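S.K.: Sequence:
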Amino acid sequence: MQKQISSSSFQKRIKPFLCTLLILIFLSQFMEGKELVIIDQDGAGPGGTDMQSLLLALEIPQIEILGIIITSGDCWRDEGLLHTLRLLEIAAKPSVPVIPGAVYPLVNSKKETLLREKLFGKLFYKGAWNSQYNGRNSHPPLFYYEDPFQPPAPIEGMPSVKKTEANAVDFLIQSAKNHPSEITLVALGPMTDIALACRLYPEFPKLIKKLVFMGGSFNPVTSDPEWAENPRFEFNFFWDPEAAHIVLTSPWNEIEGYPVDIGLDTVMNEELIEAFDKQKSNISQYIKKYAWKNQPMWDEIAVACWTNPSLIVKKTALFVDVDISHSASYGNTISWQPGLEPDWKEKKLQIIKKIDRLRFYRYFIDTLQSQDSQK
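Residue numbering for the sequence shown follows the numbering used here, starting at 10 and increasing by one per position.
These are calculated hints, taken from the structure and not from any lab test. Computed from a predicted structure; not experimentally measured. Just so it is clear, CB atoms sit at the ideal spot from N, CA and C, and this is done for glycine as well. Not one of these hints is a red herring.
Simulated pairs of lysine to aspartate or glutamate, EDC-like, Cα-Cα distance not exceeding 16 Å:
| # | residue 1 | residue 2 |
| --- | --- | --- |
| 1 | K218 | E263 |
| 2 | K131 | D233 |
| 3 | K298 | D286 |
| 4 | K354 | D332 |
| 5 | K297 | E165 |
| 6 | K302 | D274 |
| 7 | K219 | E44 |
| 8 | K102 | E73 |
| 9 | K323 | D365 |
| 10 | K43 | E68 |
| 11 | K357 | E263 |
| 12 | K131 | E238 |
| 13 | K302 | E279 |
| 14 | K297 | D286 |
| 15 | K215 | E263 |
| 16 | K363 | D274 |
| 17 | K131 | E121 |
| 18 | K215 | E191 |
| 19 | K287 | D375 |
| 20 | K172 | D87 |
| 21 | K43 | E191 |
| 22 | K324 | D365 |
Label pairs and their computed distance ranges (CB to CB):
| # | residue 1 | residue 2 | range |
| --- | --- | --- | --- |
| 23 | D286 | E126 | 36 to 46 Å |
| 24 | Y154 | L349 | 38 to 48 Å |
| 25 | L349 | K171 | 48 to 58 Å |
| 26 | P318 | K120 | 40 to 50 Å |
| 27 | S118 | K298 | 28 to 38 Å |
| 28 | D365 | S118 | 38 to 48 Å |
| 29 | S104 | I164 | 22 to 32 Å |
| 30 | K102 | N228 | 31 to 41 Å |
With the hints as constraints, model all of the structure from the sequences given.
M.R.: Encoded structure:
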C-alpha cells in the first residue's frame, strides 16, 4: 500500500512538468522563421481589449504563440480561461496552449483594498474585486461573483477545448531555457506569474529577448474618473504592485511599456465595429457582437505596435517603478528621467507616448480581415 501511495504522489508531481515538456516539443517543429511570443493576459470577455488583443495576436502571421497564460485581474483566472479557450475555437486556433496562472496577487487583497478605501477614498475600478461593473460600456456587462473557482458559464458558449495541465511559472522558465534570447514576453495583465518566474529562477529575465507590457500611467489627459484625480493609477500595476515592482527591477535585456495614456483616445468606436459587419466570418461576427463600444484599445495597441513599430510616433526613455508602500498611493506608477533615478535597481524602459491612431485602426482591421478571408 505504501508503494502505491508513493507512486501516485510521484505521478501527481511529475504530470505538470511532462505536460510542459510535451507542449514545447510539439511546438518546436512549427516555429522556424517566426517571432516567438508568450502572452500573459487576464482574460475578461467576451470581446473587450483582453480578448481582442489575443485575437489580433492569433492572426498576425509573423509570430508564433508558444502559449497564452491567463491570470486573475479584470476577472478571476478561471473565468478568463473559459473566455480564452472559447476564443481559440472561434478563431480556429484550438491548438494554442492555454496555461492557468496565478489566482491571487502576491500580497494585495480585496480585504486590504476595502480597508484602504475607507481611509483614502474609493477606487473607480477594482477588477475581479468589484461588486458590480461601473466601467465603460461593457457589452454584455461583466459578471462579478465572490468565489474565483465558480465562474459563470460564458455567454459566448462553453469551450470544448481544454486548458493545459502545465504550471504557468514552470512553463515560462522552461520555455526561456529552451529558446534563450528568442522569446518576446507580452504582459497584458497583472504580472504575478512573471514575478514568480523571476524569483524562482533569477536567470529567467536574461533569457528573454524582450519584455513588452501594458501597464502604468504617467500623464493621461482625460476626465475619466479612474484617472482625472489620480493620474498615476493603473489597474494592472494596482492589482499586484509587488509583482510589478519585481518585474520592473529585474535584469531584462529590453523592456517596452505601453501605459494608459496612449489608449484613451484610441477606442473601439462605432465605425470600427461596423467595419467588421461587412464580413460574415466567425471572427468578424464575434467582434460585431461582443465588442465593448468606446472602450480604449490598450492591449491591442501593445500587440500591434510591438509587431509593427512603424505605428509608434513617439517614445521616451524612463526609469519606472511601482509604489509598494501600502499608503494612499499604493500601486501607483513612479518614474524618473535618466540621470534623476535613485540608486536602486530600476531599469531604463522605452515608454511609448504616442501612436498613429488612424494607421493603427487600419492595421487592426486589415490584419483580422485579411486572415479572416482565408478561412
